[in-house]
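Asks: In case you want the letters, here they are:
2 protein chains.
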Amino acid sequence: MYRPLMLMFGLMLGGEAWGAAAANEPILPVQPAKITDAAKVELGKQLFFDPRLSKSGFISCNSCHNLSMGGSDNLPTSIGHNWHQGPINSPTVLNSSMSVAQFWDGRAATLQEQAGGPISNPGEMGFTHDLAVDVLRSIPQYQASFKKVYGDDGIKFDDVTNAIAAFEETLVTPNAPFDRWLLGDKKAISATAAQGYQLFKSIGCVACHNGEAVGGSTFQKMGMVEPYATKNPAQGVAGLTGKDQDRMMFKVPTLRNVALTYPYFHDGAYWNLSEAVDVMARLQLGRKLSTDEVSQIVAFLDTLTGDQPDFKLPILPPSSAKTPRPAPFN
Amino acid sequence: MYRPLMLMFGLMLGGEAWGAAAANEPILPVQPAKITDAAKVELGKQLFFDPRLSKSGFISCNSCHNLSMGGSDNLPTSIGHNWHQGPINSPTVLNSSMSVAQFWDGRAATLQEQAGGPISNPGEMGFTHDLAVDVLRSIPQYQASFKKVYGDDGIKFDDVTNAIAAFEETLVTPNAPFDRWLLGDKKAISATAAQGYQLFKSIGCVACHNGEAVGGSTFQKMGMVEPYATKNPAQGVAGLTGKDQDRMMFKVPTLRNVALTYPYFHDGAYWNLSEAVDVMARLQLGRKLSTDEVSQIVAFLDTLTGDQPDFKLPILPPSSAKTPRPAPFN
Numbered sequence: 001m002y003r004p005l006m007l008m009f010g011l012m013l014g015g016e017a018w019g020a021a022a023a024n025e026p027i028l029p030v031q032p033a034k035i036t037d038a039a040k041v042e043l044g045k046q047l048f049f050d051p052r053l054s055k056s057g058f059i060s061c062n063s064c065h066n067l068s069m070g071g072s073d074n075l076p077t078s079i080g081h082n083w084h085q086g087p088i089n090s091p092t093v094l095n096s097s098m099s100v101a102q103f104w105d106g107r108a109a110t111l112q113e114q115a116g117g118p119i120s121n122p123g124e125m126g127f128t129h130d131l132a133v134d135v136l137r138s139i140p141q142y143q144a145s146f147k148k149v150y151g152d153d154g155i156k157f158d159d160v161t162n163a164i165a166a167f168e169e170t171l172v173t174p175n176a177p178f179d180r181w182l183l184g185d186k187k188a189i190s191a192t193a194a195q196g197y198q199l200f201k202s203i204g205c206v207a208c209h210n211g212e213a214v215g216g217s218t219f220q221k222m223g224m225v226e227p228y229a230t231k232n233p234a235q236g237v238a239g240l241t242g243k244d245q246d247r248m249m250f251k252v253p254t255l256r257n258v259a260l261t262y263p264y265f266h267d268g269a270y271w272n273l274s275e276a277v278d279v280m281a282r283l284q285l286g287r288k289l290s291t292d293e294v295s296q297i298v299a300f301l302d303t304l305t306g307d308q309p310d311f312k313l314p315i316l317p318p319s320s321a322k323t324p325r326p327a328p329f330n
Numbered sequence: 001m002y003r004p005l006m007l008m009f010g011l012m013l014g015g016e017a018w019g020a021a022a023a024n025e026p027i028l029p030v031q032p033a034k035i036t037d038a039a040k041v042e043l044g045k046q047l048f049f050d051p052r053l054s055k056s057g058f059i060s061c062n063s064c065h066n067l068s069m070g071g072s073d074n075l076p077t078s079i080g081h082n083w084h085q086g087p088i089n090s091p092t093v094l095n096s097s098m099s100v101a102q103f104w105d106g107r108a109a110t111l112q113e114q115a116g117g118p119i120s121n122p123g124e125m126g127f128t129h130d131l132a133v134d135v136l137r138s139i140p141q142y143q144a145s146f147k148k149v150y151g152d153d154g155i156k157f158d159d160v161t162n163a164i165a166a167f168e169e170t171l172v173t174p175n176a177p178f179d180r181w182l183l184g185d186k187k188a189i190s191a192t193a194a195q196g197y198q199l200f201k202s203i204g205c206v207a208c209h210n211g212e213a214v215g216g217s218t219f220q221k222m223g224m225v226e227p228y229a230t231k232n233p234a235q236g237v238a239g240l241t242g243k244d245q246d247r248m249m250f251k252v253p254t255l256r257n258v259a260l261t262y263p264y265f266h267d268g269a270y271w272n273l274s275e276a277v278d279v280m281a282r283l284q285l286g287r288k289l290s291t292d293e294v295s296q297i298v299a300f301l302d303t304l305t306g307d308q309p310d311f312k313l314p315i316l317p318p319s320s321a322k323t324p325r326p327a328p329f330n
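Chains S and D supply the protein sequences, listed in that same order.
No gaps in the numbering here: position 72 of the first sequence is 72 in full-length UniProt numbering, and each next residue is one more.
No gaps in the numbering here: position 327 of the second sequence is 327 in full-length UniProt numbering, and each next residue is one more.
One chain only, chain S, in its complex shape (with noise of 0.2 Å):
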């Protein structure tokens, strides 16, 4: 998939230090976001930001897709309305614009469909759709945004998942060293790491992890050589489909930012990053790594910590005499 990308890329930049360093690379820089509706990016962010689209006025999805934390919560599973324990890692927010569907599973198409599944799931946010725009229509701030992003008075449901969506789309991490490496700075990554990126591609690592997310474009079985020892329940596309073959197949995360987005894989078993590769060349790829090999690779991997999102804290709207109140206790 990462060919006609980078073909596409490359006719799109057209610049000959690029083309000269990256276009023999399956790894793209990740390019910094182009924002062409910047009042749509602003609301989005509030609501990004906004717990009142939970039942609790508590939870929002900055909660779990904590931007000051890798667009992650740094938990195995999230925590959720009345303390709930979710039932899979939280994925990143970072670069998720970039993948080929939305949750582990992929069981939505887009960010604009996913950013409305925790909003109603009763174990995130544990609100519905009909109630969080009863919110936002009670908040003159928040009718005139919307009113000047989609021109028309009522607040829709497809209109506020539409503006978290197109907030989320900004949240890219260019800049990573391994990007500037890519793009010719030979001294932007140490030998380690330039070594465990040789590795990272000779075992077969980046046959799915590749792309501008390095990861994200395929589905693949967890325990492809070695089944997946694990005590969480999740069975991935299974769970959609009911098919056997469909048993243990995750949508392959991005390793952009890998650095910070710990616990690893659905289930947020593994801590380290060591760990992590340890594991995941044993059970995908049957290799077992030496501790200098999974050195190396981690030292690759920390070079995909690109810049982190820089903006002002979003200041939120204040309720009206209208506004529903938050119910975090029944």
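By construction, these hints were calculated from the structure, which means they are not laboratory data.
Within a straight-line C-alpha distance of at most 30 Å, the following computed DSSO-like cross-link-like pairs (lysine-lysine) qualify:
(1) S:Lys147 - D:Lys312
(2) S:Lys34 - S:Lys156
(3) D:Lys147 - S:Lys312
(4) D:Lys231 - D:Lys288
(5) D:Lys187 - S:Lys148
(6) S:Lys322 - D:Lys231
(7) D:Lys148 - D:Lys312
(8) D:Lys34 - D:Lys187
(9) S:Lys322 - S:Lys156
(10) D:Lys148 - D:Lys322
(11) D:Lys312 - S:Lys312
(12) D:Lys322 - S:Lys288
(13) S:Lys34 - S:Lys147
(14) S:Lys187 - D:Lys148
(15) S:Lys231 - D:Lys322
(16) D:Lys288 - S:Lys322
(17) S:Lys312 - D:Lys148
(18) D:Lys312 - S:Lys148
(19) D:Lys147 - D:Lys322
(20) S:Lys34 - D:Lys312
(21) S:Lys312 - D:Lys34
Across the chosen pairs, the derived CB separations fall in these ranges:
(22) S:Ala259 - D:Asn272: 45 to 51 Å
(23) S:Asn121 - D:Gly204: 49 to 55 Å
(24) D:Thr241 - S:Lys156: 53 to 59 Å
(25) D:Ala259 - S:Lys148: 19 to 25 Å
All C-beta atoms, glycine included, are put in the ideal place defined by N, C-alpha and C.
Please build the complex by placing chain D on the supplied structure of chain S, with the hints as guidance.
Replies: Just chain D now, with coordinates in the frame of chain S:
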């Protein structure tokens, strides 16, 4: 208490306009924060947003003193560890440096002392001071930041709360319309708001709500003329002293940004400012205000919303392999 303060600020500022406009008023304009140790403030900001100071790894200072929402959580009482229902309304952290003491009952003398409370409260962040320090010591970037700011190698809990307090001291909200009016811009507030301010003074609200914070400088009995009806068992200062005369004695809350810090009172029982004004006038002053009078005072209170926090979302340093893991579910 406010007259010496006024004199002090008058001497410090020395501006003719300020002196002429504000010296005769019992409310003082909020002074912008003067940041003398930027590194300490930045460190404190990270700590304020860092959920790793809680047992769950999910709750930070900002969870209940949300700087996107007037420095409060806009809930009657807060949600704590394991979805514990808190006993009292979370006061705004904005302008809290101006308070004579911290918490509704004033049990912490300083912001620094206050900052330690929620971290080790089983129903709030559910951690211990020692465990919080263990987490911070395991994070190389925090080690470096503490060494830079405090000069020694170990991280001490007193330094943690000192840095958080230093950040909180910057959370002042100057430039409210009412402050611009105080400073001579007579068009900064509406005629209705100006009438409301005159009423606020003439009926006696200003006896307790005065000074720079428009409150925060004294303790008063909730229900001075008529008892306050509430299901909340909090007894205010009497909870500390056991003395009958301290029953229902609470710190007078600041009215700065009061339009953002609903719901109101220590039990968070009133969501609308107009209701809160009506209750206060009846219970504290023995006065039943007309609808117009309430509207005027609310219009005045709305002019107390100042500049909200204006900084970049902090990016937190990642944990290391040595970092103790959060324990949200045990």
